[in-house]
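Colleague: Single-letter residue listing:
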Amino acid sequence: MISKLTKTGKVLLFVIVLLTIFVFPIFSEDEIPAEANTGSNYIWLLLAAFLVFFMQAGFAMVETGFTRAKNGVNILMKNLMDFSGGAIAYFLIGWGIMYGVSKAGGLFGWSDFMLTSAGAENTYQYASWLFQVVFAATAATIVSGAMAERTKFSSYLIYSVIISAIIYPVVGHWIWQGEGWLTKLGFHDFAGSTVVHSVGGWAALMGAIILGPRIGKYVKGKAKAIPGHNIPLAALGVFILWFGWFGFNAGSTLEFNEWIGHISMTTALAASAGAIMAMITIWLIQKKPDGSMSLNGALAGLVGITAPCASVSPLSAIIIGGLAGVIVVLSVIFIDKVLKIDDPVGAVSVHGVCGVWGTLAVGLFSQEKFGAGAGYNGLFFGGGFKMFGVQAIGVLAVACWVLLTAGILFLTLKFTVGLRVSKEEEVKGLDIGEHGMEAYSGFQIID
Amino acid sequence: MISKLTKTGKVLLFVIVLLTIFVFPIFSEDEIPAEANTGSNYIWLLLAAFLVFFMQAGFAMVETGFTRAKNGVNILMKNLMDFSGGAIAYFLIGWGIMYGVSKAGGLFGWSDFMLTSAGAENTYQYASWLFQVVFAATAATIVSGAMAERTKFSSYLIYSVIISAIIYPVVGHWIWQGEGWLTKLGFHDFAGSTVVHSVGGWAALMGAIILGPRIGKYVKGKAKAIPGHNIPLAALGVFILWFGWFGFNAGSTLEFNEWIGHISMTTALAASAGAIMAMITIWLIQKKPDGSMSLNGALAGLVGITAPCASVSPLSAIIIGGLAGVIVVLSVIFIDKVLKIDDPVGAVSVHGVCGVWGTLAVGLFSQEKFGAGAGYNGLFFGGGFKMFGVQAIGVLAVACWVLLTAGILFLTLKFTVGLRVSKEEEVKGLDIGEHGMEAYSGFQIID
Amino acid sequence: MISKLTKTGKVLLFVIVLLTIFVFPIFSEDEIPAEANTGSNYIWLLLAAFLVFFMQAGFAMVETGFTRAKNGVNILMKNLMDFSGGAIAYFLIGWGIMYGVSKAGGLFGWSDFMLTSAGAENTYQYASWLFQVVFAATAATIVSGAMAERTKFSSYLIYSVIISAIIYPVVGHWIWQGEGWLTKLGFHDFAGSTVVHSVGGWAALMGAIILGPRIGKYVKGKAKAIPGHNIPLAALGVFILWFGWFGFNAGSTLEFNEWIGHISMTTALAASAGAIMAMITIWLIQKKPDGSMSLNGALAGLVGITAPCASVSPLSAIIIGGLAGVIVVLSVIFIDKVLKIDDPVGAVSVHGVCGVWGTLAVGLFSQEKFGAGAGYNGLFFGGGFKMFGVQAIGVLAVACWVLLTAGILFLTLKFTVGLRVSKEEEVKGLDIGEHGMEAYSGFQIID
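Line by line, the protein sequences give chains A, Z and W.
Going letter by letter, the first sequence gives residues 115 to 561 in the numbering used here.
Going letter by letter, the second sequence gives residues 115 to 561 in the numbering used here.
Going letter by letter, the third sequence gives residues 115 to 561 in the numbering used here.
Treat the hints with care, as some may be off.
In this list, chains with the same sequence are indistinguishable; a pair is considered to hold if it fits within one copy or across any two.
Claimed, not checked - Pairs of lysine-lysine residues, derived as BS3-like cross-links and limited to a Cα-Cα distance of at most 30 Å, are as follows:
id	residue 1	residue 2
1	LYS542	LYS402
2	LYS217	LYS537
3	LYS331	LYS402
4	LYS500	LYS401
5	LYS402	LYS298
Worth flagging that the hints you see were computed from the coordinates, not collected in a lab.
Construct all of the structure, not just a fragment, from the sequences and the given hints.
Modeller: This is the structure:
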């Protein structure tokens, strides 16, 4: 039977073997402290988690809308599966690596797999898990956009699980567990410009490079535009993401506190500024206010403000978001036309490049009177180069880790299961080839 | 004028007569106890109600996406109207039958119609009503999926109101009012695998049988696939439903308490496992990971965990949800190919069959250390057959009630107003025939 | 460079000059009192704000779905930009005019621009800002629907910013700041039937008149229907709006209190009644239950209940919403066929006319035992004509202010930057002309 279902079999075996290796040592006994579960804390954290979950719908719509109709089912399945697979993997493995007791000087956690320390006495931990798991899935989802329209579905399942189970949780441990080496160094990433977005962005970059461009993207060395098939869907996705991002950023307080209003406001202003500045930038370059770029500008502003949302003023948020809007347009053009890397939805620029920008912005714009607390002043507010330097170190360290592990992962897949569909399948569309169905049955569609 | 507008006239008269009969005796004076309305309780319940309301959008998108473009407006109108009509009917009649003072040994309630006991002094009751009304509408909505693409719109209006006003509230009384006969027997359905989903599922089954299959569905005794026209919309619907389901399940605490985190986690894990296992099952059967089945798998996991979400461990949730994913695929194929009942969106399998599975799973996997409380141990955790037996009795009782009343209802409609549109209208599409408009004006669509 | 980019240049210069004039005097020092920021208050207000933000997605989908495919990107960009531009403008200017210290006997506010009084000590103000900014954006968004498919994008940017920065905040000051002249007169608009919806509606009316009808809308003096291209998207938008409206109405308590349940219930019932009655009305007129009208009926019910949601009984809410559903159908037909004003999505009828109806309904149906407090009894509950009269004065005053300022604004734009695209561009579609891209690349679309 395995020989019949080669692809399926390989996928399943690989995942099972992997899970087994990691699930084995789950019965460690280190204790995790309980957190306060007052009504306000609990409700805030959980509703924020729901909002962040809903971002999966946003990513699915953005990625589907910005690519071609013939690959719609495939992209939707990836988005469904990176949460589904990611949730199980993060439960079994990821949580323990991210929030388990710190090992090797803050390099990774190793305890509390499957939240064994929580159980019936501390269900607040379960709410925390839900909030965290959607972050893990977000990191994985980002990758699917950059690798859209040509990646083998079975390979996708494997690498998305590994990102949620290992690659992402390690970075999370460094920065958010409390004992991680970057936390101890003074690195500051409030809601995950680096932890979530640049992790996704770097993995996306490595994936897009190893995978190569879509057929027809570069003809005689010139980049050709492959327009998305459903901009209303993509726009809906951006609005959903923005909506969910309020949970993403303001929920990263992990409890109710007085900063949630401040964070929500900086989030809204940065996204607005990002959309406006991206529109103006592309308007100046292309003489028309392109819709896709403007939508990506809003996302760029959101990614940019994710790290500094709690520690900068509203005016600084406008500047950070606005610059993110400029950066994302230039980055998309640079990656597309100069580097000639094919990233169908601009995921590397939005999440990777703007994730880096947001993380560095913490070192520039933070003021200690806001959420980050005493001593956190950025370069522009008298804090000197120290904070900025630490932020830069964190950015580089995460980039190295993700590029390395994602590189190994994608190359391994390339030379075993195979990373890319056949040329025939790519031309015909992955919906028919991988899933045996169409996204828009009955509609007349060219290409 | 009535003779001119026969269809409209019949519908209106029928509804008005019906309402009058029931609204008459509303001035009963039994008292309903007030509930605590602290901030946390109130906010939790109300936001959960909002989330569940949003599930209407999810159902609308799933049902529209999984059927043909020519019937899109019709399906959307049904979803709009089953909430709109259902809300008025549940306010006037349903609430009193469901939560009124228990009559006839717990068979139905009869007091507090239009929430007369609540009023200005106890607005918490109003929040409860909102939460409950969206459950009533959900039960009605489920039916519309199974009867899609061939049901007369005027008949739909009538039966959806009757489900929300009578059929569903009676079951709700049995299980959730506190004095219902199934509650007293020890039956346990935390968030409604039986109360909401299997009620919808059984009515859907009866409706699909009495209505008969769509033209072209069974040719020479063989089932032909009629693919849905917009999978991205259907996928969006599934994500919206999943998002809303956090409110559905975790809001069923009806107040803030420490189990909301636990419930949210089991909900997420079961849905994930359902999607994965449905994908694997159909992959093994059809050699391709079908998108529609995987999406239905997520819903199956959600329906399955709805009853046991508060009383089982996270690992049990994965098993329950995963099995629901397997069950839903087998059930869809069985109903389609063996029973030859035409259920366009798989509503009977998702809500009916998995609703039964979830209800029985309570009797298998419950542990008293979780939300259900002392003495609630399922078969697999030392509780013996008793709990399982009670669950099975409840499943059967509800099936009998719904199949019987829905059967009478649909047959009455069939032989009076008429249940099905004409052949010409069905072939041309219900959008033109019933509503005089198209869903996608300007698009070239075949079929 | 400015001469090259004439259009862009003009837009930017205009906005910058405008902002500069207003941002100058921001360093006023009047104090704004701090509000209580308990967990329940804070969480309620902020989550309501998130829900209202999500309404932007709803407006975008409704407006896109109800118009033609060739203008989809343009409409989406408008919706993206009216929030983005509106948020920055409302932060810099609007908030200070609306909630600043009252000047000139309650005509406008003038202090606390950029929320300088809030800062790190009072982040609750920031949460209030987020809630208010989405209202400002809503007022601007409404206009885009009535002026769809023919307005120059650069002009749109300018007028939408001015509505959010000046026209809307002045009305908000009159009614919601506490010292406004209409508040002192006893005018009552709980959640904004007048402040938000009729402001948008009147501006939409003036815009549609000055702009003139779309090419092909009136042929030889007869109105021709131009059907929307994507009813599923429009229906999704209505569900999203309804969902968000719970935040809009119940969040207008601005803090947690016991009326949030009451408000949510009246909101749900009025919307349901609106959808039903609009469906019945159009069914009687056109012999078919039109989908677009029914969807607009739900919105009409929501607009109608927005002012009275806290001060009327559930039964009154059904009546108010139901009449709104009748009114909206008659109004759409009257404006389209008799006045011959081209309002592609019915924005004037839904928001303007029903906004007026809702505001007047406060004077008819209010009961002092509900949220509005002592002495607030409408005409039907023994309150006499006084309250109704004050409501009517408020309606007229706001109509005069908005029609006048919007008129000046649109005429100024018409004779400077230009308000309308060229005939060629309109026929070809604004997506290509204004944005250089298509909404549905690859799909075969006629017209």
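Colleague: Work down the list of hints and note, for each, if the structure agrees.
Modeller: Status of each hint after checking the structure:
1. In the homo-oligomer, the alpha carbons of LYS542 and LYS402 lie at most 30 Å apart only across protomers (16 Å), although the nearest pairing inside one protomer, at 32 Å, exceeds that limit.
2. Proximity of LYS217 and LYS537 under a CA criterion of 30 Å is satisfied in neither setting, with 46 Å inside one chain copy and 69 Å between copies.
3. Taking the closest pair of Cα atoms, LYS331 and LYS402 come within 30 Å of each other both inside a single copy (22 Å) and across two copies (28 Å).
4. Proximity of LYS500 and LYS401 under a CA criterion of 30 Å is satisfied in neither setting, with 41 Å inside one chain copy and 57 Å between copies.
5. In this assembly of identical chains, the alpha carbons of LYS402 and LYS298 never lie at most 30 Å apart, being 47 Å within a copy and 48 Å across copies at closest.
Checked against the numbered hints above, the structure breaks hints 2, 4, 5 and satisfies the rest.
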